[in-house]
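> Here is how the chains run, residue by residue.
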Amino acid sequence: MTIFIPTPLRPYAGGNGTLEVSAKTVGAALAELTTAHPDLRKHLFNSEGTLRSFVNVYLNDDDIRYLPAKEATEVSAADTLSIVPSIAGGTGCN
Amino acid sequence: MSILQLAQSVYLSIRAHGEETYPHECCGALLGTATPEGWQVSASFRAGNIRTDSAHNRYQIAPLELVKIEREARRQGLDIAGFYHSHPDHPAQWSQTDFAEAHWLGCSYVITSVAQGCATVTNSFLLAGAREEDKHFELETIHIAE
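Residue numbers (our numbering), protein chains in the order written: chain A, 1 to 94; chain B, 1001 to 1146.
Think of the hints as simulated: they come from the structure by calculation, not from any bench.
The structure presented is a predicted model; accordingly, all values stated were derived computationally and were not measured.
Please note: incorrect hints may appear among the correct ones.
[As the list claims (entries may be wrong)] Here's a subset of chain B near chain A, in silico, CB distances under 7 Å, partners left out:
| id | residue |
| --- | --- |
| 1 | 1003 |
| 2 | 1022 |
| 3 | 1090 |
| 4 | 1106 |
[What the hints assert, rightly or not] Pairs of lysine to any residue, SDA-like flavour, derived with a Cα cap of 20 Å:
| id | chain 1 | residue 1 | chain 2 | residue 2 |
| --- | --- | --- | --- | --- |
| 5 | B | 1068 | A | 2 |
| 6 | B | 1068 | A | 62 |
| 7 | B | 1068 | A | 57 |
| 8 | B | 1068 | A | 66 |
| 9 | B | 1068 | A | 19 |
| 10 | B | 1068 | A | 37 |
| 11 | B | 1135 | A | 54 |
Beta carbons are placed, not taken as given, at the ideal position from N, Cα and C, and that holds for glycine.
Kindly generate the complete structure, drawing on both the sequences and the hints.
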């Protein structure tokens, strides 16, 4: 499957915007990715090993947090995984 | 100081967007290419503000919309260079909320102040730092390209 790396994480993924992995589940794909590029791990996961709160991972058009099997969801070669840090903010003033 | 090069059409579009959504905050993405001096932005992509509960002082882009914006960027051979939003009746300076919720290291965050419905100052801040724990905003020079 194809994993799309967002702009800020490319320096930790060998400069790549797109990477191919052969894993069979979402979790295995992320493990394969961070094994190949260990510097990505601290940007994606907290010290408990779960995805950081502001990191969204989408399997095609689905947020993996809301998939029934979550990271155990099976994937095929045609699937894509997008890593998308959140975008939010504002003045915060009333 | 890094330089953000904005196509004039992008500069005008993001300021108009802030005026259109006033008194609510607008938001969107900037698409472009990296240069040694900073990002060169050739296109922008308007996004919806899903913080409808507090749109006058908060913004958020739906993650799925971001996924689709990234697809469009790839289709155009561009990268996501950064994001923009407006500050209705508030200075074009990053807020603590902007800082806490900024996670795209190396990208530009453009803020336009919209006073009484009219776009005034537009500033850009580079989210610098090697990781979340040492991130900081640096003011950028904006160059408008014809």
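> Determine for every hint whether it applies to the structure shown.
Verification of the hints:
1. Of the supplied interface hints, the one on residue 1003/B is violated, with its beta-carbon coming no nearer than about 17 Å to a beta-carbon of chain A, more than 7 Å.
2. Interface restraint check for residue 1022/B: the shortest CB-CB distance to chain A comes to about 13 Å, outside 7 Å, so the restraint is violated.
3. Evaluation of the residue 1090/B hint against chain A yields a held restraint, the C-beta minimum of about 4 Å falling below 7 Å.
4. A hinted interface residue such as residue 1106/B counts as satisfied when its beta carbon comes closer than 7 Å to some beta carbon of chain A; here the least separation is about 5 Å, so the hint holds.
5. As the CA atoms of residue 1068/B and residue 2/A are separated by approximately 15 Å, the hinted pair is consistent with the 20 Å bound.
6. This hinted pair checks out: residue 1068/B and residue 62/A have alpha carbons roughly 12 Å apart, not beyond 20 Å.
7. Taken as a hint, the residue 1068/B and residue 57/A pair is honoured in the structure, with Cα atoms around 13 Å apart against an allowance of 20 Å.
8. Between residue 1068/B and residue 66/A the CA atoms are separated by roughly 18 Å; this keeps the pair inside 20 Å, and the hint holds.
9. Distance hint between residue 1068/B and residue 19/A is fulfilled; the C-alpha atoms sit about 18 Å from each other, no more than 20 Å.
10. In summary, the hint linking residue 1068/B to residue 37/A is not supported, as the alpha carbons are separated by about 25 Å, beyond the 20 Å threshold.
11. The hinted pair formed by residue 1135/B and residue 54/A meets the criterion: a straight-line CA distance of about 14 Å does not exceed 20 Å.
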